[in-house]
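Asks: The residues making up each chain are set out below.
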Amino acid sequence: MASNAADGAAPLIRLRGVTKTYGEGGTAFQALKGVDLDIQAGDFIAVMGASGSGKSTTMNILGCLDVPSGGTFEFRGHHVETLDRDQRALLRRKYLGFVFQGFNLLARTTALENVELPLLYRGDAKKARHAAAMAALDKVGLADWWDHTPAELSGGQQQRVAIARAIVTSPQVLLADEPTGNLDSERSVEIMQLLTGLNRDNNITVLMVTHEPDMAAFARTVVHFKDGLVERIEAQHVPGQEVQV
Amino acid sequence: MLGTTFLLAIRSILRHKLRSILTALGIIIGVAAVVTMVTLGQATTAAVQKSISALGTNILQIRPGQGFGRGGGGPRPPDFEPADVEAIRRQIAGVTAVAPQAQASATAIYEGANWSTTINGTTGAYFQVQPWPLTSGRSFLPLEEQAGKSVCIIGNTVVQNLFRGGEAVGKRMRIGAISCDVIGTLSTRGQAGFGGDQDDIVIMPIKAVQRRFTGSRDIRLMLVGVDQAYSTAVVQSSIEDLLRERRNITGSKENDFNIFDTKQISDTLTGTTTLLTSIVTAVAAISLIVGGIGIMNIMLVSVTERTREIGIRLAIGAVAREVLLQFLVEAVALSMLGGVIGLVLAQIAIFSLVGLMKVDFIFVPQINVIAFGISAVIGVVFGYFPARRAAGLNPIDALRHE
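Residue numbers (the working numbering), protein chains in the order written: chain X, 1 to 245; chain A, 1001 to 1402.
No wet-lab data here; the hints were simulated from the structure.
Just so you know, these numbers come straight off a predicted model, no measurement behind them.
Built from N, CA and C at the ideal position, the CB exists for glycine as well.
Hints should not be assumed to be uniformly reliable.
To be clear about the criterion: a stretch of chain X counts as covered by chain A if any three or more of its residues have a C-beta under 8 Å from a C-beta of chain A, and this derived list gives those stretches [said to hold, decoys possible]:
1. 59-65
2. 77-90
3. 121-134
4. 184-192
If you anchor each label on the Cβ, the simulated ranges turn out as follows [as the list claims (entries may be wrong)]:
5. A:G1392 with X:Q30: 23 to 29 Å
6. A:A1376 with X:H79: 57 to 63 Å
7. X:A28 with A:I1370: 39 to 45 Å
8. A:F1385 with X:N202: 51 to 57 Å
Chain X is faced by these chain A residues, among others (derived, beta-carbon under 8 Å) [claimed, not checked]:
9. L1002
10. T1004
11. L1314
12. I1316
13. A1318
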């Protein structure tokens, strides 16, 4: 697997014939019917599709939160489908960051403590935790708001705290599930610019589920899902990004 | 990892103060109840033993009649005679002293103050049978005993009420129809185990009481001191044989007198208080268990309530073991916190109740340690199930939970 990861041509993520079936027997529902997908490190991918198209299921599998019923999922050369709960948790801890539509911050907990949480599980010392969490908050422009609880922050600010929490561990992949779904268009653009910046400057691979074409326009690659399969993949020319690449 | 988990658990407890206090409430009450009950039980037992040992250990009380009460019909059994006292003292081995007693009630008067009290007629042997030191003055002289002189030794309650706490020795007071010289005052003994004030007493030579108050030479009670080196049971049965012979009770006829060993009374009373303590403690222990179930209940509710939180923690890379440990540590910390508060409340309750119950404040380390230990165990036992449930949640479902 080391050779795979070292090989520049090998994708960061490789899905082959991935299926996912919920339930059993007559009531069984096949959410994924054999998805093949390669994702290169450093890409910014928007995942689109109607509800029930299998995009959320695919995101759960890519986020190592769920395992495929069939097929293979290689991440950095690891066959994730063979890993147990705890091994997948450790994979998430080390390489993945999550941003959710509903922000999912811990209530009654300051922004700083929320951002520190992944570092706590990683076992970092107090000083290192504080420094890294403050740096992450600074990156999302909320360093001055570190001692505010989610109830004291606006939706856009909460999402930025959530992004700080996702990137505080310097993950390789950031998974965002409709990150702008609960925000007005102005805040949404801010969040997208933040994600674009993280993708470009920190070389974080971004996987984002979205309904809105406006938001998908920020991505370099758009993957369309339909009826449990990848319908088509289109490469986009993102204005201002071509120059950077 | 344990340090991290502990930190997370403490943060969570502090962040939800009301929920935490309500959760711990059952344990607080349970621990406080158990500790208070056991401690008060032991304090009461100690008080009973103390007041009985004030009566004196190794003392036999001999009364005419059967059992504690006067009994049913039939002629009243005769009282004892002075000759009986002499016989026991001379003939039974192991007897240190025999004090006859004759009692009467009368009003004592001194300079306009009057006080209704009990007169106890006895001899100097009374103070040999049981330790009851004088605070001032002296005991009876043999001459005073033989002549039945009107001299008296008075208890502290009488000193307080008649002499307003001032010097009583050397004063002459009236008691009933006679006057008597106070020759000594007694140290305080306090409440008797059976109720009644042991210090409300005037002690006079038995002959004086018999002549001036009871009007007979009869003796209603004898106190027999037994040498430490002798078995009270053996002495008791020797006295029994002697008295049967002297009172002409032959064959299978029942005794018309009875002999109590104060140690037996002490054992009986101690046994009773110990039994009562166990019963009350059992009830309190049940409340501790109910408290534990309360913890489990709240923790389970809390798992449901905090499903999203658990989802978040799992998503950002907490392994199941860490979530389990966090919930377990929370439960244990809460019940130990409840235990500590319960212990403090118990000491306060004990401190205020001992005053009402007229027993001495005591601290029983064992029960405090045990109750605290139990509260910690309850945390582990009743915290485990909810914790396991939390850890077993699927992160996706947990995150989706509204």
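Asks: Compare the structure with each hint and give your call.
Replies: Hints, one by one, checked against the model:
| no. | hint | verdict |
| --- | --- | --- |
| 1 | 59-65 | holds (count 3) |
| 2 | 77-90 | holds (count 4) |
| 3 | 121-134 | holds (count 3) |
| 4 | 184-192 | violated (count 0) |
| 5 | A:G1392 with X:Q30: 23 to 29 Å | holds, 26 Å |
| 6 | A:A1376 with X:H79: 57 to 63 Å | violated, 44 Å |
| 7 | X:A28 with A:I1370: 39 to 45 Å | violated, 56 Å |
| 8 | A:F1385 with X:N202: 51 to 57 Å | violated, 43 Å |
| 9 | L1002 | violated, 11 Å |
| 10 | T1004 | holds, 5 Å |
| 11 | L1314 | holds, 7 Å |
| 12 | I1316 | holds, 5 Å |
| 13 | A1318 | holds, 5 Å |
Going through the hint list in order, the structure does not satisfy hints 4, 6, 7, 8 and 9.
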